[in-house]
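S.K.: Take the sequence shown: its letters are residues 266 to 387, numbered as in the numbering used here.
Think of the hints as simulated: they come from the structure by calculation, not from any bench. As the structure is a prediction and not an experimental result, all values here were calculated from the model. Misleading hints may appear alongside valid ones.
Computed list of lysine to aspartate or glutamate pairs in EDC-like fashion (alpha-carbon distance at most 20 Å, straight line) [what the hints assert, rightly or not]:
#, residue 1, residue 2
1, Lys381, Glu346
2, Lys382, Glu346
3, Lys381, Glu310
4, Lys381, Asp344
5, Lys382, Asp344
6, Lys381, Asp299
7, Lys382, Asp299
8, Lys381, Glu286
9, Lys382, Glu284
10, Lys382, Asp315
Pairwise CB distance ranges, derived in the manner of DEER restraints [unchecked claim]:
#, residue 1, residue 2, range
11, Leu313, Glu284, 34 to 44 Å
12, Asp366, Glu286, 37 to 47 Å
13, Val312, Ser289, 13 to 23 Å
14, Tyr301, Val361, 35 to 45 Å
15, Phe296, Ser337, 17 to 27 Å
16, Leu288, Ala334, 35 to 45 Å
The C-beta atom is built at its ideal place from N, Cα and C for all residues, glycine as well.
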Amino acid sequence: MAYLTQADMTASNPFWQNEFEDLSCIHIPSFPSDSYIPSITETIEHVLNDVPAHQARSDLATSTVLRFAWASVISTCLDAEHVVFGVVVTSHCLPVPGILDMTGPTIATMPLRVQKKDSQLP
266 MAYLTQADMT
276 ASNPFWQNEF
286 EDLSCIHIPS
296 FPSDSYIPSI
306 TETIEHVLND
316 VPAHQARSDL
326 ATSTVLRFAW
336 ASVISTCLDA
346 EHVVFGVVVT
356 SHCLPVPGIL
366 DMTGPTIATM
376 PLRVQKKDSQ
386 LP
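Please put together the full structure from these sequences, using the hints given.
M.R.: Encoded structure:
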């Protein structure tokens with residue numbers, strides 16, 4: 266926690282402001298009212314057996330492939346050129362002594378913006 270509380274955030278502010286300054290959002294799923302409480306009525310499961318085979322032929326990380334696939338789904342469903350969703354990332358790369366030996370979670374959730382260009386997404 267000390268690392269985070271002592272970090273100078275002024276260096277990252279311009280990046281995040283630039284990343285989202287022209288963004289218009291549609292929240293999904295959209296609910297009928299602010300007081301609506303959703304309930305699970307159905308689950309869908311799909312096993313991705315071909316991801317390891319793709320990974321063997323690519324320099325892309327599996328997480329990158331799955332993020333691109335999710336961006337493609339959202340882009341298609343919303344007919345949107347820009348999509349933003351939250352991704353969970355590890356913080357093991359932070360310059361904190363002993364971080365690899367910590368027993369608590371060292372993760373963060375951050376927004377990922379994917380911009381469709383020249384039919385990169387279906």
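S.K.: Compare the structure with each hint and give your call.
M.R.: Against the structure, the hints come out as follows:
1. This hinted pair checks out: Lys381 and Glu346 have alpha carbons roughly 5 Å apart, not beyond 20 Å.
2. At roughly 8 Å between alpha-carbon atoms, Lys382 and Glu346 fall within 20 Å of each other, so this suggested pair holds.
3. The straight-line distance between the Cα atoms of Lys381 and Glu310 is roughly 27 Å, outside the 20 Å bound, and the hint therefore fails.
4. As the CA atoms of Lys381 and Asp344 are separated by approximately 10 Å, the hinted pair is consistent with the 20 Å bound.
5. The hinted pair formed by Lys382 and Asp344 meets the criterion: a straight-line CA distance of about 13 Å does not exceed 20 Å.
6. Only pairs whose Cα atoms come within 20 Å are accepted, and Lys381 paired with Asp299 is rejected, the gap being roughly 30 Å.
7. With a C-alpha separation of about 34 Å, the suggested pair Lys382 and Asp299 falls outside the 20 Å cut-off, and the hint is violated.
8. Taken as a hint, the Lys381 and Glu286 pair is honoured in the structure, with Cα atoms around 17 Å apart against an allowance of 20 Å.
9. About 16 Å separates the Cα atoms of Lys382 and Glu284, which keeps this hinted pair within 20 Å; it holds.
10. Only pairs whose Cα atoms come within 20 Å are accepted, and Lys382 paired with Asp315 is rejected, the gap being roughly 26 Å.
11. For Leu313 paired with Glu284, a C-beta distance near 29 Å fails the hint of 34 to 44 Å.
12. A hinted range of 37 to 47 Å for the beta carbons of Asp366 and Glu286 is consistent with their spacing of about 40 Å.
13. Between Val312 and Ser289 the C-beta distance comes to about 35 Å, which lies outside the given range of 13 to 23 Å.
14. About 41 Å separates the C-beta atoms of Tyr301 and Val361, a value consistent with the hinted range of 35 to 45 Å.
15. Distance hint check for Phe296 and Ser337: the Cβ-Cβ separation is about 24 Å, which falls inside the suggested range of 17 to 27 Å.
16. As the Cβ distance of Leu288 to Ala334 is approximately 21 Å, the hint placing it in 35 to 45 Å is violated.
In summary, the numbered hints that this structure violates are 3, 6, 7, 10, 11, 13 and 16.
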